[in-house]
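Chemist: Listed below, chain by chain, are the residues.
2 protein chains.
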Amino acid sequence: MTEKLELLEEHRVFDGTQRKYQHHSETLHCAMTFSLFLPNVEKFPNPSLIWWLSGLTCTDDNFTHKAGAQKKAAELGLALIMPDTSPRGETVADDADWDLGQGAGFYVNATQQPWDANYQMYDYIVTELTAIVRETLGLTGSESIMGHSMGGHGALVIGLRNPDRFHAISAFSPIVNPSDVPWGIKAFDAYLGADKQAWASWDASKLLASHDGKPVPILLDQGTADNFLHVQLQPENLIAPEGYPLKIRMQDGYDHSYYFIASFIDEHLEFHQKHL
Amino acid sequence: MTEKLELLEEHRVFDGTQRKYQHHSETLHCAMTFSLFLPNVEKFPNPSLIWWLSGLTCTDDNFTHKAGAQKKAAELGLALIMPDTSPRGETVADDADWDLGQGAGFYVNATQQPWDANYQMYDYIVTELTAIVRETLGLTGSESIMGHSMGGHGALVIGLRNPDRFHAISAFSPIVNPSDVPWGIKAFDAYLGADKQAWASWDASKLLASHDGKPVPILLDQGTADNFLHVQLQPENLIAPEGYPLKIRMQDGYDHSYYFIASFIDEHLEFHQKHL
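Chains P and V, in that order, are what the protein sequence lines are. Quick note: the first sequence, position 183, residue 182 per numbering that gives the first Met the number 0, numbers continuous. Quick note: the second sequence, position 245, residue 244 per numbering that gives the first Met the number 0, numbers continuous.
Please keep in mind that the hints were generated in silico from the structure rather than gathered at the bench. Accuracy of the hints is not assured; some may be wrong.
[Unchecked claim] Below, a list of computed lysine-lysine pairs in the BS3-like style, where the Cα atoms sit at most 27 Å apart:
id : chain 1 : residue 1 : chain 2 : residue 2
1  : V       : Lys42     : P       : Lys71
2  : P       : Lys19     : V       : Lys65
3  : P       : Lys65     : V       : Lys19
4  : P       : Lys65     : V       : Lys65
5  : P       : Lys205    : P       : Lys246
6  : V       : Lys195    : V       : Lys185
7  : P       : Lys246    : P       : Lys213
8  : P       : Lys3      : P       : Lys19
9  : V       : Lys71     : P       : Lys71
10 : P       : Lys213    : P       : Lys185
11 : V       : Lys3      : P       : Lys42
12 : V       : Lys195    : P       : Lys71
13 : P       : Lys195    : P       : Lys205
14 : V       : Lys42     : V       : Lys19
15 : P       : Lys65     : V       : Lys195
16 : P       : Lys42     : P       : Lys65
17 : V       : Lys42     : V       : Lys65
18 : P       : Lys71     : P       : Lys19
19 : V       : Lys205    : V       : Lys42
20 : V       : Lys71     : V       : Lys273
21 : P       : Lys273    : P       : Lys71
22 : V       : Lys71     : V       : Lys246
23 : V       : Lys185    : V       : Lys205
24 : V       : Lys246    : P       : Lys273
25 : P       : Lys71     : V       : Lys185
26 : P       : Lys273    : P       : Lys65
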């Protein structure tokens, strides 16, 4: 592994360290940033690692700055990794709308021009960034995954496609059924093409309904005051095989914002810790 | 009171509510925003209120988004009010540098042109916004004040000048002695003029050294890895009369960022709660 990482920021926070890195991605063919929280390495020399995937328009900063996760992560001895949400830069295809292109990678491997040149976010996270985390950063602890909205979709898809690797999945306000809602249809049509057969392996509701591998416990929180609930999110479409450890909680009065995430992030970290 | 407030945002967070308001300020002659956290009003019908004053370049959003204060405030039943850091807008005087003009009001009443037309932040907070909070929003509980950097200076000055009103003061990385450090000299020279006699009543180190009213307990946290520590902040210059309840804590390895504030905000809220 000769991956060159540039450390952009380092801050002490609680009893741990918050870092931001930049590197050149061979998978995405552009410069990428990601953020990492490490608990106190003296107390937790090989911490478990939770992947956080953010939603539309976000970078690695949103969760890092706004979720308030570091306090509980420091206490439980959990590392947190926050990737960006798409390839970036002037040479990378983009769209005038905020729900397609840069900031909206949807954690898939695009097959359609012009997106296929850079939009390989699944491979970037599951392979390239994983190798950096393990080999360059030396983080080889057990792993789980979580995310918000588009990133909740990403966490469900990546977790369900890799059940032997991820020990738990949690999501805030996820897009559970992208094949059938406007955000997902627009993105999948652009990135994956018009043939809906190609969409099924990127749709959590379809992956979970047919899941026959090791069950990965899922916790899903959804606010009832979320403006996107009925059109884009529809958590009722996430239906698991009988006996599958899936818990969906409707949270009264919370919306789609980071205020909702902050309110329940400690419970999510405790859920992950229990399975890591 | 006929003050017209426009509610821009409202979010449920923990067991409380985060709001953002806009209004026309008669004192500053421009539109202003401020943010407000309210604990559960059923449990805490007349909460105590802590004022938070932010630092250079900030708006009312920085603390609201990044400090992670709402969890503990909800638990203790404390309201938090976050004003902006200066008058704003195209008709308001500004400077090309980030440490003077918009985003850098220094919580003083300017006497020099062109700043005196709008930069009356002390009066805005102590009188106009106070009246809005009490009469329009109905918040009449006991009060204390805290802040960061330039806002730490503001909290110390406003608290020490109004010892019968504010029950406690706390500060992260405050500018304790603006008369003698580059940020303060530049701002005071512009806003207050060259005569340093006029500066003393806006300098916490001078106000505290000569304080003879009711002592207001002060908690000050300063990170040792703060790049501004030795040139701009110099907490050792805050010297209280013998027996004054002043606690200065040097916090090892923390910097000037909101990661530092997040790490200790719960302890600050508990300190305030004890005196409210």
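Chemist: All hints are to be evaluated individually against the structure, with a verdict given for each.
Modeler: Hints and how they fare:
{"no.": "1", "hint": "V:Lys42 <-> P:Lys71", "in the structure": "26 Å, holds"}
{"no.": "2", "hint": "P:Lys19 <-> V:Lys65", "in the structure": "16 Å, holds"}
{"no.": "3", "hint": "P:Lys65 <-> V:Lys19", "in the structure": "16 Å, holds"}
{"no.": "4", "hint": "P:Lys65 <-> V:Lys65", "in the structure": "5 Å, holds"}
{"no.": "5", "hint": "P:Lys205 <-> P:Lys246", "in the structure": "17 Å, holds"}
{"no.": "6", "hint": "V:Lys195 <-> V:Lys185", "in the structure": "12 Å, holds"}
{"no.": "7", "hint": "P:Lys246 <-> P:Lys213", "in the structure": "17 Å, holds"}
{"no.": "8", "hint": "P:Lys3 <-> P:Lys19", "in the structure": "14 Å, holds"}
{"no.": "9", "hint": "V:Lys71 <-> P:Lys71", "in the structure": "14 Å, holds"}
{"no.": "10", "hint": "P:Lys213 <-> P:Lys185", "in the structure": "31 Å, violated"}
{"no.": "11", "hint": "V:Lys3 <-> P:Lys42", "in the structure": "53 Å, violated"}
{"no.": "12", "hint": "V:Lys195 <-> P:Lys71", "in the structure": "48 Å, violated"}
{"no.": "13", "hint": "P:Lys195 <-> P:Lys205", "in the structure": "12 Å, holds"}
{"no.": "14", "hint": "V:Lys42 <-> V:Lys19", "in the structure": "22 Å, holds"}
{"no.": "15", "hint": "P:Lys65 <-> V:Lys195", "in the structure": "41 Å, violated"}
{"no.": "16", "hint": "P:Lys42 <-> P:Lys65", "in the structure": "26 Å, holds"}
{"no.": "17", "hint": "V:Lys42 <-> V:Lys65", "in the structure": "26 Å, holds"}
{"no.": "18", "hint": "P:Lys71 <-> P:Lys19", "in the structure": "19 Å, holds"}
{"no.": "19", "hint": "V:Lys205 <-> V:Lys42", "in the structure": "41 Å, violated"}
{"no.": "20", "hint": "V:Lys71 <-> V:Lys273", "in the structure": "14 Å, holds"}
{"no.": "21", "hint": "P:Lys273 <-> P:Lys71", "in the structure": "14 Å, holds"}
{"no.": "22", "hint": "V:Lys71 <-> V:Lys246", "in the structure": "21 Å, holds"}
{"no.": "23", "hint": "V:Lys185 <-> V:Lys205", "in the structure": "18 Å, holds"}
{"no.": "24", "hint": "V:Lys246 <-> P:Lys273", "in the structure": "40 Å, violated"}
{"no.": "25", "hint": "P:Lys71 <-> V:Lys185", "in the structure": "41 Å, violated"}
{"no.": "26", "hint": "P:Lys273 <-> P:Lys65", "in the structure": "24 Å, holds"}
When held up to the earlier numbered hints, the structure conflicts with 10, 11, 12, 15, 19, 24 and 25 and fits the remainder.
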